[in-house]
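Asks: Spelled out from the first residue to the last, the chains are:
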Amino acid sequence: MHELSIAVAAISQIEEAAERHGADRVAVVRLRIGELSGVVPEALRFSFGIAAEATRLAGARLEIETVEGRARCPVCGREAPTGVPPALWCAPCGAARDVLSGRELEIARVELDDTPVSEDAGASDATGATGVTGATRKVNPADLTRKANHVPHR
Amino acid sequence: MCRTVDLHQAVLAKNDERALALRAELAARGTTAVNLLSSPGSGKTALLELLLERCAAEGLPAAAVTADLATENDAERLARSGAPVRQILTDGLCHLEAGMLRRHLTEGGWLPEDTAVLWVENVGNLVCPASYDLGETLRVVLASVTEGEDKPLKYPTAFGLANAVVITKTDIAEAVEFDRDGFLRNLRQVNPDVPVLETSARTGRGTAELLEFVRRTRDGRCPVHRPALAAEHEPLLHHRHEDDDHPHGHAHPHPHGVPAA
Ligand SMILES: [Zn+2]
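Chains as they are written, first to last, in UniProt numbering: chain V, 1 to 154; chain X, 1 to 261.
Accuracy of the hints is not assured; some may be wrong.
Claimed, not checked - Computed Cβ-Cβ distance ranges for the label pairs, DEER-style: (1) X/Arg103 x V/Ala91: 39 to 47 Å; (2) X/Thr146 x V/Glu16: 38 to 46 Å; (3) V/Gly59 x X/Arg205: 20 to 28 Å; (4) X/Arg185 x V/Gly77: 22 to 30 Å; (5) X/Asp219 x V/Pro74: 24 to 32 Å; (6) V/Glu79 x X/Asp91: 41 to 49 Å; (7) V/Ala80 x X/Ala21: 31 to 39 Å; (8) X/Asp150 x V/Asp98: 19 to 27 Å; (9) X/Leu89 x V/Val75: 22 to 30 Å; (10) V/Pro81 x X/Arg185: 17 to 25 Å.
To be verified - Residues from chain X that face chain V, not an exhaustive set, calculated with beta carbons under 7 Å: (11) Asp193; (12) Gly206; (13) Glu209; (14) Arg221.
What the hints assert, rightly or not - Here are the simulated DMTMM-like pairs of lysine to aspartate or glutamate, each with C-alpha atoms no more than 20 Å apart in a straight line: (15) X/Lys14 x V/Glu42; (16) X/Lys154 x V/Glu42; (17) X/Lys154 x V/Glu16; (18) X/Lys154 x X/Asp179; (19) X/Lys14 x V/Glu16; (20) X/Lys14 x V/Glu15; (21) X/Lys154 x X/Glu113; (22) X/Lys154 x X/Glu107; (23) X/Lys154 x X/Asp171.
Hints were generated in silico from the structure; no laboratory data involved. Idealized CB from N, CA, C, for every residue including glycine.
Please take these sequences and the hints and turn them into a complete structure.
Replies: Set out below in structure tokens:
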């Protein structure tokens, strides 16, 4: 499943951003996925949940904004949705319609959670005494990629 | 306490950057890379074998990397032309990525300096490889006559982003009642004006034309077809950088300060 690779790529970039900003947790992730991107949002959501485990994104809420495919004919100027699969041929004009949107595969924004993890929580976490407090363990991205590799594509 | 950070990064930004760099490197050394995409069983390897033989016969220095060999025999068959052939084991990954390709090309100086055409046989499927730019000059999508006329509509991203489309196994088109007009009509819907070449590895039909097509592209005699679907891709690349200075919403400065990105 292709979406797992996409999820892993997104998570790795968001982890880097969180690290740059000194945040241990990511609360919300908003992605923009175009209808023509070749990515199935539901499959991505599923993959994201798996790949986010044991990262700063564990338990993060995933918001997916679907971006409509739109195209414009350079001859008649008509702009319209492309539909899926996209109809990019303007038959009356005999011309290719230019795609204006729909191929997005983008991390729009993230909400970083700066709630400090107390020393105590950190210590008890280290001993495994507490459950899911949101403290994160650093995961080697290579492990995730390897995990992704072993899922057969559709 | 939460703060919102606008990222506006392409999910595949890293691959896109590596692909841009590889494209520049290949261009600088005069190598034309052809990324071959297809479903399993489309006859990609058999066609590649003929193309490598033809390159050798015409004295055009070629090399091939392949991530889609069914058997050990395939590698031997490809190597018979004398061209350097390298197998990429993707460890189950369903597509090639630009960084991975570059590593294989440069490791131990594998790709000969004078390589004119580098054939890249991608992993056999039409879903995943479509999303990954490899820094290729030409992306060629193959479909055999056995796959049905609705193939371009089932895989619009792959066919929609092709610089050229190759129909394979045309020697059995009649036997399998291939609806050629239907196929071309469907293809035009997702990728208007894409060049189409018809081939048969069994009879050799179309291989000379396909290589000539690559040579003309290489010499600049034939402009690379720009798919309609690719039209809005490039602006995205310019928007991938993080907008640190303008956090919106309920942004709060981090207590320890935000490290410069
Ligand atoms: Zn029109």
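Asks: Hint by hint, say whether it matches the structure.
Replies: Tested hints:
no.: 1; hint: X/Arg103 x V/Ala91: 39 to 47 Å; result: 46 Å, holds
no.: 2; hint: X/Thr146 x V/Glu16: 38 to 46 Å; result: 45 Å, holds
no.: 3; hint: V/Gly59 x X/Arg205: 20 to 28 Å; result: 57 Å, violated
no.: 4; hint: X/Arg185 x V/Gly77: 22 to 30 Å; result: 24 Å, holds
no.: 5; hint: X/Asp219 x V/Pro74: 24 to 32 Å; result: 29 Å, holds
no.: 6; hint: V/Glu79 x X/Asp91: 41 to 49 Å; result: 44 Å, holds
no.: 7; hint: V/Ala80 x X/Ala21: 31 to 39 Å; result: 37 Å, holds
no.: 8; hint: X/Asp150 x V/Asp98: 19 to 27 Å; result: 25 Å, holds
no.: 9; hint: X/Leu89 x V/Val75: 22 to 30 Å; result: 48 Å, violated
no.: 10; hint: V/Pro81 x X/Arg185: 17 to 25 Å; result: 20 Å, holds
no.: 11; hint: Asp193; result: 6 Å, holds
no.: 12; hint: Gly206; result: 25 Å, violated
no.: 13; hint: Glu209; result: 23 Å, violated
no.: 14; hint: Arg221; result: 22 Å, violated
no.: 15; hint: X/Lys14 x V/Glu42; result: 24 Å, violated
no.: 16; hint: X/Lys154 x V/Glu42; result: 18 Å, holds
no.: 17; hint: X/Lys154 x V/Glu16; result: 36 Å, violated
no.: 18; hint: X/Lys154 x X/Asp179; result: 16 Å, holds
no.: 19; hint: X/Lys14 x V/Glu16; result: 12 Å, holds
no.: 20; hint: X/Lys14 x V/Glu15; result: 14 Å, holds
no.: 21; hint: X/Lys154 x X/Glu113; result: 39 Å, violated
no.: 22; hint: X/Lys154 x X/Glu107; result: 37 Å, violated
no.: 23; hint: X/Lys154 x X/Asp171; result: 24 Å, violated
Checked against the numbered hints given earlier, the structure breaks hints 3, 9, 12, 13, 14, 15, 17, 21, 22 and 23 and satisfies all the rest.
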